[in-house]
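Participant: What follows is each chain in one-letter form.
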Amino acid sequence: MSKILLLEPDRLLANDYIKALELANHSVIWQSDAQSAIHSIDKQIPDVILLELQIRNHNGIEFLHEIRSYTEWQEIPVILLSMVPKQMLALSPSIFKRLGIVDYLYKPQTKLKHLIYSVEKTLQISTGNLRESNRY
Amino acid sequence: MSKMIVSENGDFMASDNYRLLEALAEQLKLPFMHISQHAELIKKGVEPSFDRIETLAGMALELIDGFLLSQQISLGQLDLALEPVSVSSVLQESANKLQNIAREYNCEVQLHLGGKYNSVMAHRESLEAAITSLGYSLIESQGGQQKKQDREIILAAYRNGYGVIAGAYCKNSEGISKDAFNQAKELYGKARQTVPSLGHTPNAGIFIADMLLRAMSSRLRFSKHRQYRGLAATFSPNRQLELISV
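Keeping their order, the protein sequence lines are chains S and B.
In short: position in the first sequence from 1, add 308, done, that's our numbering.
Under our numbering, the residue at position 226 of the second sequence is numbered 208, and the numbers go up by one with no gaps.
Don't read these hints as lab results, they were simulated from the structure.
Being a predicted model, the structure only gives us computed values, none of them experimental.
We put the CB at the ideal spot given by N, CA and C, even for glycine.
One or more of the hints may lead you astray.
Example chain S residues on the side facing chain B (calculated, C-beta under 8 Å, incomplete) [stated by the list, open to error]:
hint : residue
1    : P317
2    : L321
3    : D324
4    : A328
5    : E330
6    : L331
7    : N333
8    : S335
9    : I363
10   : N365
11   : R376
12   : I384
13   : I387
14   : K394
15   : K419
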């Protein structure tokens, strides 16, 4: 069973994502803000992080820079699951790669089954040690 | 309905109404996403919660109605007939409307009605829509907080030297301030998070409330109530009504 850290500020959306991921046999730790998420990673390193960029007090990119500053957390794959449309992100593919972002999902157009697919694909690549062939 | 203003050099600038529409569109994605995802989960065998669907759809409609009311007033399509309104009964009504959505977000809506005060001159429907939109906005933004006390939303009315204050408050102490709110007023419709220290949404409900209150010659301001911070409007009590009640 893989461990997923979900950083999602909206309680109702988080509940839906947790249910969907648990139905697919994943274990989920939910945090709604960056500081709690960092504490959570410190306790247990997740296999994948699902990250919303619009979070309280921080933005998701700041959070990513912070976790990537710790060597032991540099390899955790991150899937952006965000309300921010991709065209507004203004992040180049090289930045995606540098921050270890393996997939980007625009929430309003992402079905739960697509989220599961993305998580499982990421886990497969991660366990197959193929992360260097970043999809972005 | 919405206006685009053309500047001297021909650039289009969004009017307040248009900016509010953009913020509302962004805000409404949330309830629709919840409903859509809940339907997807039901197909996967999760027990349906019809109450949840009804509540989310109902609140989305409240927000749309509040927006339309604010537009009708600002475009002069609706004359506000001000009447003596009991602020405490309006708050009570808004609190009732917010109970179900608060339950979904694991929040608690409390009413603090301090002391005795007279009716104020207001447009009841607009005031109720303003308080409900404001409360909904705070519930959405505070629902993700971990501590129970941070998920308390207070609808309060009390009297001070300026008049009767009515508004919505929460415990998130750093989130709402005078500066943060003034900055947010410049940002709605442009930024995706108008008050990043408060929450993750564009807070369209706050600005709908502000527009409705401005139509009643009031406006939302940063306000403190006991240990809570929030946004509230001041209403001057009607002197004639005061004389009658004496």
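Participant: None of the hints should be skipped; say for each whether it holds.
Facilitator: Evaluation of the provided hints:
Checking P317 of chain S against chain B by beta carbon gives a least distance of about 4 Å; that is within 8 Å, so the hint holds. Interface restraint check for L321 of chain S: the shortest CB-CB distance to chain B comes to about 7 Å, inside 8 Å, so the restraint holds. With a cut of 8 Å, the hint placing D324 of chain S at the interface with chain B holds, because the nearest CB-to-CB distance is about 4 Å. For A328 of chain S, the interface hint holds, since its Cβ comes within 8 Å of a Cβ in chain B; the closest pair sits about 6 Å apart.
Hint status for E330 of chain S relative to chain B: violated, with the closest Cβ pair at about 10 Å, above 8 Å. Taking 8 Å as the C-beta cut-off, the interface hint given for L331 of chain S holds, the closest approach to chain B being about 6 Å. The closest approach between the C-beta of N333 of chain S and any C-beta of chain B is roughly 13 Å, which is over the 8 Å cut-off, so the hint fails. The closest approach between the C-beta of S335 of chain S and any C-beta of chain B is roughly 18 Å, which is over the 8 Å cut-off, so the hint fails.
Below 8 Å, beta-carbon pairs count as interface contacts, and I363 of chain S has one with chain B at about 6 Å; its hint therefore holds. The beta carbon of N365 of chain S comes within 5 Å of a beta carbon in chain B, closer than 8 Å, and the hint placing it at the interface holds. Nearest Cβ of chain B to the Cβ of R376 of chain S: about 21 Å, over the 8 Å cut. The hint is violated. The criterion of a C-beta within 8 Å of any C-beta in chain B is not met by I384 of chain S, whose closest approach is roughly 22 Å, and the hint is violated.
Hint on I387 of chain S is violated. Least Cβ distance to chain B is approximately 17 Å, over the 8 Å limit. Violation of the interface hint for K394 of chain S is found here, the shortest Cβ-Cβ separation to chain B being roughly 14 Å, above the 8 Å cut-off. At its closest, the beta carbon of K419 of chain S sits 6 Å from a beta carbon of chain B; the interface hint therefore holds under the 8 Å criterion.
Comparing the model with each numbered hint stated earlier shows that hints 5, 7, 8, 11, 12, 13, 14 do not hold.
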